[in-house]
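Trainee: The chain contents come next:
Number of protein chains: 6
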Amino acid sequence: MGSWQDDVENYGRFLAAHASYEEARAVLLGVPMDYTSSYRPGSRFGPQAIRAASVVLEEYSVVLDEALDSNGVCDLGDLALPFGNVDRALDLMEGAAGRIFSEKKMGGFLGGEHLVSLPLIRAAHGCYPDLVVLHFDAHADLREEYAGESLSHATVMRRVAEILKPHHLFQFGIRSGAQEEWAFAREHTRLFDGDILESLQRILLEVGGLPVYVSLDIDVADPAYAPGTGTPEPGGCTSAELLRVVWAMKGLNVVGFDVVEVCPSVDQGERTAILAAKLVREMLIAHRVRSSR
Amino acid sequence: MGSWQDDVENYGRFLAAHASYEEARAVLLGVPMDYTSSYRPGSRFGPQAIRAASVVLEEYSVVLDEALDSNGVCDLGDLALPFGNVDRALDLMEGAAGRIFSEKKMGGFLGGEHLVSLPLIRAAHGCYPDLVVLHFDAHADLREEYAGESLSHATVMRRVAEILKPHHLFQFGIRSGAQEEWAFAREHTRLFDGDILESLQRILLEVGGLPVYVSLDIDVADPAYAPGTGTPEPGGCTSAELLRVVWAMKGLNVVGFDVVEVCPSVDQGERTAILAAKLVREMLIAHRVRSSR
Amino acid sequence: MGSWQDDVENYGRFLAAHASYEEARAVLLGVPMDYTSSYRPGSRFGPQAIRAASVVLEEYSVVLDEALDSNGVCDLGDLALPFGNVDRALDLMEGAAGRIFSEKKMGGFLGGEHLVSLPLIRAAHGCYPDLVVLHFDAHADLREEYAGESLSHATVMRRVAEILKPHHLFQFGIRSGAQEEWAFAREHTRLFDGDILESLQRILLEVGGLPVYVSLDIDVADPAYAPGTGTPEPGGCTSAELLRVVWAMKGLNVVGFDVVEVCPSVDQGERTAILAAKLVREMLIAHRVRSSR
Amino acid sequence: MGSWQDDVENYGRFLAAHASYEEARAVLLGVPMDYTSSYRPGSRFGPQAIRAASVVLEEYSVVLDEALDSNGVCDLGDLALPFGNVDRALDLMEGAAGRIFSEKKMGGFLGGEHLVSLPLIRAAHGCYPDLVVLHFDAHADLREEYAGESLSHATVMRRVAEILKPHHLFQFGIRSGAQEEWAFAREHTRLFDGDILESLQRILLEVGGLPVYVSLDIDVADPAYAPGTGTPEPGGCTSAELLRVVWAMKGLNVVGFDVVEVCPSVDQGERTAILAAKLVREMLIAHRVRSSR
Amino acid sequence: MGSWQDDVENYGRFLAAHASYEEARAVLLGVPMDYTSSYRPGSRFGPQAIRAASVVLEEYSVVLDEALDSNGVCDLGDLALPFGNVDRALDLMEGAAGRIFSEKKMGGFLGGEHLVSLPLIRAAHGCYPDLVVLHFDAHADLREEYAGESLSHATVMRRVAEILKPHHLFQFGIRSGAQEEWAFAREHTRLFDGDILESLQRILLEVGGLPVYVSLDIDVADPAYAPGTGTPEPGGCTSAELLRVVWAMKGLNVVGFDVVEVCPSVDQGERTAILAAKLVREMLIAHRVRSSR
Amino acid sequence: MGSWQDDVENYGRFLAAHASYEEARAVLLGVPMDYTSSYRPGSRFGPQAIRAASVVLEEYSVVLDEALDSNGVCDLGDLALPFGNVDRALDLMEGAAGRIFSEKKMGGFLGGEHLVSLPLIRAAHGCYPDLVVLHFDAHADLREEYAGESLSHATVMRRVAEILKPHHLFQFGIRSGAQEEWAFAREHTRLFDGDILESLQRILLEVGGLPVYVSLDIDVADPAYAPGTGTPEPGGCTSAELLRVVWAMKGLNVVGFDVVEVCPSVDQGERTAILAAKLVREMLIAHRVRSSR
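Protein chains in written order, with our numbering: chain A, 2 to 294; chain B, 2 to 294; chain C, 2 to 294; chain D, 2 to 294; chain E, 2 to 294; chain F, 2 to 294.
What the hints contain is simulated information worked out from the structure, not anything from laboratory work. Heads up, a few of these hints could be off.
Just a sample of chain A residues kept apart from chain D, beta carbon distances all over 12 Å, derived [as the list claims (entries may be wrong)]: (1) F84; (2) D88; (3) E114; (4) Y147; (5) R203; (6) S266.
These stretches of chain F come out as covered by chain E in the derived footprint (C-beta under 8 Å, 3 or more residues) [claimed, not checked]: (7) 31-39; (8) 86-93.
Glycine included, each C-beta is placed from N, C-alpha and C at the ideal position.
Just chain A, same shape as in the assembly:
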């Protein structure tokens, strides 16, 4: 068999993520769980959709003036999860993420519903006790329980707040929730409901060099920009604003991130997946130096 196979392409990986696990500084992993979704399930296909959409993008970021292909990214594929078994699935995710963080690689995770952030942040927190979480979302996700369950996409940030040091959870873009969630936020989190970029800039110095995990629910963008999501909430930001937010985090010490709640079955023209892929590309390029320390 000869070199003609160089002309063959496989679409199963994220754009330019050709590194082996060992050589990679950053690792992408799909976490296709959507069992606790309360409205539209289907985000289990989010990781595949983001990968497929990534090929519409260039590898070069105009704003960061750097290309992805020099970056040492490994795309592991999707974690195989047991359908319908939430506890086992969370354990599997925490185990996989723990390995990645313990080897000081930056972990980039593709959801899946928002509950996946819990085991991922737990794993990051295990390696980085001072961890700060920057949470971008339309919904507060701070309920004590939801439909009688304490583990749910609607409770995930309450569970996260219980893990982190006080006030290490920052929330941006929140525009929907129950009254109890706002009460909780006033006591326990740093919730911003104004312009996302301005809010972020106000806390950058405070975060300084602390290890940061970014959890980005794609529904923080308006449904006009991210229609392919489970619980779209009108009144969000634009894709241009979201990109500026990612660029503004360039100086932070981001050790891990997730992009969750991309739901392909309602993502006409794949544009939510394309937006997610572009955000992932910019995150991977922006944080390559820090994450390799």
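Position chains B, C, D, E and F relative to chain A; hints supplied.
Mentor: Same frame as chain A, now just chains B, C, D, E and F:
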């Protein structure tokens, strides 16, 4: 039969609209007419779509800091209308709306095409002779006749202007029309073509405590935010701007409102219906005190 | 301006229908009314969709072994109808069809909802008093009135039966209706509920050389074959069976036909429109000799 | 408040299912679980879609020559289930179904994924120890476990077989499975892989007057007829054949049935939901006498 | 045949473009090529979609206060191109455009992929040697070659730059490209990556009365506003901004323009086509005086 | 890095095609060309869609009573082709296929448009001079040229007939073409227009042990079963019939096959891709013994 039926849900009503007609201060009624649509019909399914979409929302409004479920709203369902018979349909609507207004309940109507606003406003005007109409729309809807018909979605605001006191019709967001309509508007209505929120704020004091009917054609928003509509017109406002407009009307004495021209067959991901449902929720919360007087 | 414009194409006409009205033996006319639709409107866009889909077809019919382009067909475009005014619309259709039939051209009509068949058959009956109507449909359409209206897609064949000579209405493929319709059919029409082709073959001799109008509601086919229609009814025939039915009518004296209830907004991949276009092509080829008499 | 509300419609119930629970002989209940789906989730919206689609149908069945509206059907709505908690959800379903069966009402259940059949059949078996299950499906669903889980849509009929008396599980239309499932079927179930109607007719006498539960996975039909389902499998039956199967069961003593795996997010034009609704209508009409015993 | 045919409509032409080629001052021509598309082909159906969408618009432009119907526009239809043969197709386009420009008519071209601009601009340059090109796009399109081909949608503006006088190519809205393209742009084009309207206003005086060709790739708008395109790129402008850009060019001497990369198969609700049609309408109205000189 | 990566999945390969090229007896290769498509392009995404759809299937074939995973299949991915350059693309395909055939592996090719069959068959013919081609299609594809081009999806089988020995091209399911194609077929090919399975069975003995290449255009199935294709033609076979055809070829000496014209952008619910994937699975299982000789 026991209490286990408390675990059973019915999706045929708007979010939290569990009140009986008698106890309700606000009444929702679907008016599923779309016979005079000139481009894409299908807004007859708008009311059902708005109800179904409403469950994706919280009952609590972050901005108004109040929840819907304490509000006394009755959702009557859809008015049964004779297919293709415009005159009989308009009569049925005027009759139903007249009952609601005569009992001093706030009437919230879900369209349907824009012509439904004519009998609804007629009924409101019958109870409130000083009625002011605030009209949000991409189109002026001021033609004398359309395709030879004087009763049409394209003539509805001309007919409304003929009912109201002079200059009691305010039009916002208008960006499309025939030349004759602009000529008419200069004489007979208060048409604003600039920023919607600014325009509204300029006239709030003038409207003061007069009884107000709000007629909101969802196509006032840009097709990016409200793709599910019959005659999308590029260049409109965002969903965030539209929400701010609704919040700005909080102090007014709104006695009735409609949200029209939601067309589910082109509403990918139901996001126009979700936007409409959120606007309806905010209207219901914002005007609960006044409307119960 | 030179001959380079020979390389220019216009998609506004049915496949190969380049004849002028004067020279044409067969005339196509769109009748885009859908105001009395009781479920999904949108068949007003049927004629345009059928034309656009026709270009996917060859002009040559393998089974009839003849091509469309030698056939003298004029496609007039769509009749401009007043939105929402049923009576005026029916009058306009009857007038146009009357002209076509009075000049002994075969009239082929593209709907539109099924009520359009009433004025078209009335016009045909005006020129051909012995007219026989062959009605292919999932629904009997024999109600006395529907939602209080006597003119409706659900009453159209009752109205047709009142015009024709006794037992000149033959109905095929019917698998849905109200109990009263079956009672009416037993007295007044020739309703067949078995295999369509067999039923047709049984009555061919009886019809003989009488002038025939074929009214084909596309929902006679199963929704698997014709998903793009207003009221799909499971349990229908295949597209292959429908084509055989059209070929079986070759020997009849067809003076006019309609294909109705194609509803593009639910016609994924345009395959209902393509099926309709193929049926129209076969009708135009099959009946070219007779229709030119 | 007056009689004008007679003109108001609510679409939250199945066609003509206006009876109260107490007076009803047959009870419809939605069981919107889809957490163990291995490919496309979304069948949780199946019950709502089937209800919405039912309005496109007539209440009268041409073949059974009887109408639904004289039948005493109550549509309870959907059971509220905890998202992601399989065990609690199954318990809730078994409890609700147990009440219905213990009061000798016929239970008609709208799924949801196929795992919902397990608690429903358990409840039926609790009241009818001789219960026979007729299972229509493309997939055998006989695995010992799936993705490490013993409770799954792919194991449900293995669990059912463990409950029933030997050889009381009849399987029809099966055309996909793992090798181990065929081995199990040869020992423990009555699996037919030929023509569905013929297979059914062969066992009708054997079943005789035994209480029967019908579990119908909509994917038994070919994807051409039922595209809106989670795991479509080419090579299935037509909708006409499926209707004949339902009619052939008329003489049996059906005490309960489910129609599962309708997945609206991929059900273009709602035709899978319409097919399901027609099957439900025919089941409700066909079994009204027996079920009221 | 009588005057009743005045009631007949044909949808094959752009809104109000009823002029003959001879009398027209502006000529519309579809150039349906999409063979070099690297992601989603399908823009070959762009011209038809733009025409069909144009009927949703009024003929009157509120901002320009003038109507299209007084404008003398001829819509020739689509150029018939050989499928898959790039060279022959480019020759045919250059020939047709050359005729239009040589007769001093304004040429408006509807794509098709972006490579179509090369022969069109070549033709314009043949008649207007001082030609300035204003290029609006998300992508720089400045590669030397792409996938081994020098003629591609990704190289088109490099080829254009080679034709024009130095610095006669102005590029706006560019937010994606390879690193080499930026290097080329710095030397050879006037590339602006900030706000489009501001950038344009800065160069208006410089362009002055020079003949201008406007090449507008619809993906310059954000995918929220123009989802129906082959390679959507998040972070673009709004439809309102794009309209203001068109209005700002009113004083320029525009001799030709194209609107390219509208891809109907992913254009849900046709809103990209509607946006394109509105841009075309405004271009035709804005430049009617100059173009007729 | 440890064994936890065994839980990770990659969706870029066909179901169970885990063999390396060297060990594989059968090789899958995507050939994503669609430049000469005359109606809807987009089949370039066919190979990816077929792979993604394959995971919905079991690895075990009930009818062939054998599973795919014991079969030694390598999925190479897609050949990288130059967009818009037909000649270079055909050369690349012929080269790749030539390598596969020369190493006596069975080649399975996923299209792409039908023109891809030409270089693939050329390569197969180079290794097997007695090659017989079995061609399943709705269209004859026998034109001398199309739109002025001799290399086109509409001419491909004419070119194939020119390569093969006389009467070594068998055509099944053909129901559309131009008159000239039928004339050519009568002289040069074995074209069957009746029932596909019967026609095939009639020629099985004649083909005997000759090397066979199967070229299957998915549009041979009716659009009800295969809506996701470029030029759907009503009147085709069912998916069950197509499966029976594949099973009937089990005894033949199939050395290569292609499945072409799957067009995902119009393949709602991915069911054409699923059908194609099932056909590929059955081909791979049925021909594993012979092909390894």
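Trainee: Please list, smallest to largest, the hint numbers that this structure does not respect.
Mentor: Numbers 1, 2, 3, 4 and 6 - these are the hints that the structure violates, sorted from lowest upward.
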